[in-house]
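Chemist: Listed in order, the protein sequences are those of chains A and B. Take the first sequence: its letters are residues 1 to 262, numbered as in our numbering. Take the second sequence: its letters are residues 1001 to 1317, numbered as in our numbering.
Just so you know, these hints were derived from the structure itself, not from any lab. Mixed in with the good hints, there may be bad ones.
What the hints assert, rightly or not - Looking from chain A toward chain B, a few residues come up when the C-beta cut is under 10 Å (computed):
hint : residue
1    : MET1
2    : GLU29
3    : GLY30
4    : SER142
5    : VAL169
6    : THR257
Every residue, glycine too, gets a C-beta built ideally from N, C-alpha and C.
Spelled out from the first residue to the last, the chains are:
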Amino acid sequence: MKILCTTKRVTDYERKVKISPDGSSLVTEGMNFVANPFDEIAIEEALRLVKAHGGEVVVVSMGAKEAEQQIRQGLAMGADRGILVTSEALDSDAVARTLVKLIEKEKPDIVLMGKQATDDDANQAGQLLAGYLGWPQATFASKHEGLDSAEEKAGKPGVAFAGGKAQVVREVDGGMETLEVTLPAVITTDLRLNQPRFPSLPGIMKAKKKPMETIAIATLGIDVAAKVKMVKYTEPPARKAGVKVDSVDTLISKLKTEAKVI
Amino acid sequence: MSNVLVVAEISHKALKNATFTAVTFAREAAQRTGGQVHGLAIGQGVADAAREFATYVPTVHLAESDQLAQPTAEAYAQAIVAAAKAANASVVVMAATFQGKDIMPRAAALLGAGMASDVSGFAGPDGFLIRRAIQAGNVIATVDIKTATKVVTTRPTEFAPAAKLAAAGNVAPLAVTLTELKTRYVSFEEVKSTRPELTDARVVVSGGRGLKEGANYAKIIEPLADKLGAAVGASRAIVDAGWVPNDMQVGQTGKVVAPDLYIAVGISGAIQHVAGMKGSKTIVAINKDAEAPIFQIADYGLVADLFKVVPELTSKL
Chain A
1 MKILCTTKRV TDYERKVKIS PDGSSLVTEG MNFVANPFDE IAIEEALRLV KAHGGEVVVV
61 SMGAKEAEQQ IRQGLAMGAD RGILVTSEAL DSDAVARTLV KLIEKEKPDI VLMGKQATDD
121 DANQAGQLLA GYLGWPQATF ASKHEGLDSA EEKAGKPGVA FAGGKAQVVR EVDGGMETLE
181 VTLPAVITTD LRLNQPRFPS LPGIMKAKKK PMETIAIATL GIDVAAKVKM VKYTEPPARK
241 AGVKVDSVDT LISKLKTEAK VI
Chain B
1001 MSNVLVVAEI SHKALKNATF TAVTFAREAA QRTGGQVHGL AIGQGVADAA REFATYVPTV
1061 HLAESDQLAQ PTAEAYAQAI VAAAKAANAS VVVMAATFQG KDIMPRAAAL LGAGMASDVS
1121 GFAGPDGFLI RRAIQAGNVI ATVDIKTATK VVTTRPTEFA PAAKLAAAGN VAPLAVTLTE
1181 LKTRYVSFEE VKSTRPELTD ARVVVSGGRG LKEGANYAKI IEPLADKLGA AVGASRAIVD
1241 AGWVPNDMQV GQTGKVVAPD LYIAVGISGA IQHVAGMKGS KTIVAINKDA EAPIFQIADY
1301 GLVADLFKVV PELTSKL
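Please take these sequences and the hints and turn them into a complete structure.
Modeler: So, in structure tokens, the structure goes:
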């Protein structure tokens, strides 16, 4: 089994990012960068699947050459190979079409990606990719067993694979649904699919020697022009400052007479 | 042509309310493109829902078949492409529900269209620049979809539900030839509730880790919600812990809600949770930690032991 995973280099999602004075860009100087947490869940799932079924995990990232750090982190978790596609910032569609080119060569059985990136919250790339490839998709993959369950502690994959098909439990409106997709397929991961492992020190050392291929996007022959162009960034409207109330009675009174919501 | 196609969300053979918020965006989009609004209803045995939809949009295309009985992106995206063609639509819209998020990007790929996700509205009085929240709602991005065909999913809380038309429109069957599907719908475990839907409710009461254990959700949150006729929500922490079902999660990657009143009980107020509720008109926070970030966004903050004050609040309402 060959699984291709993506990892996106994003600004630390615990920090609020600043907007440049002219609104034309986000200020990333001095910001801490991390791997998109949803992609970490995807890599973790891939590692569990190949542990159970044998195979190889390839981790891909695209963008600045610093994204190699995030790929190395995936390799430190246990992935086998990395591919870095160096490019300017890409919109979701260009990411998907770049992946199509890599997939033509790599021919994975499964593409596992985070459902969305915490910076742009687009939640498109996996679905776009599946559409371009004509592959079935199972988005927002999760599982019934909780993150403190015995199965999770044992590192069992949430995705069930048998006979060339994968069964994926998905978080949807109103509950959980189960889909079965015939491989090859695109699966995107949601929060509760697994708890990604921390890279161990031996893992980090081994990762330095694992194969890393760097490809300049121009050599892939795709049109990288954005289909969705960022025009400007602004702050959302600020809320009026709130007040502390000292009792339930005061709260009820304010909600009735001031806020008029009850 | 410059028509706008809006895809209905149908569940249990009925239109979901999110559909009407997408119609509101679609109507404005049609004004800007100079076209008409068309609707698309997909499913099996959903003719009644299609007819109801036709009281909101003048022409509804109805795509029905066994392969469309369950919402799989693989099948539904094909129906959307067929409808976009039949409707001469240059803009295709759906509410950014779980279903919309799943199927619309796939449809965008098939249409060669750029897509803007979970949008809040247009930027400027004319043209087609669109506003959407990024960075967990801390930044508003104005985007320009450069392709001739544009796909948009709309954030339901940002649009008022559309009013019905003066005269009902018509429903036209749409023949869709589907490829042999590689997706099989196995099962759906639905969480049924008699409470209002989280995304529709006027009042939401949410619980977090401050509740200390799962049993306390029913003891503390539910009576308050019942008193207020409210929907119930949760922070990611307690959904992860298995105290409540996943579709109660409010947040950046869960549900975005904007009720008149949001009461956060025992919730610290992480960036990702706040992203899902900061559009609420009035926010109340109850937490014993005065430093909890939730107090930065709350209109009314009560620093107190929730086990004491929430039952008190419930009894005094």
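Chemist: Against each hint, give a clear statement of whether it holds in the structure.
Modeler: Tested hints:
1. Evaluation of the MET1/A hint against chain B yields a violated restraint, the C-beta minimum of about 17 Å exceeding 10 Å.
2. At about 16 Å, the closest approach between the beta carbon of GLU29/A and any beta carbon in chain B exceeds 10 Å, and the interface hint on this residue is violated.
3. For the restraint placing GLY30/A at the interface with chain B, the shortest Cβ-Cβ distance is roughly 16 Å, beyond the 10 Å limit, so the hint is violated.
4. For SER142/A, the interface hint holds, the least distance from its beta-carbon to any beta-carbon of chain B being 7 Å, beneath 10 Å.
5. Annotation: VAL169/A was flagged as interfacial toward chain B, and the flag holds, the nearest CB pair being 9 Å apart, inside 10 Å.
6. Contact between THR257/A and chain B, as hinted, is not supported at the beta carbon level, the nearest pair being about 12 Å apart and thus beyond 10 Å.
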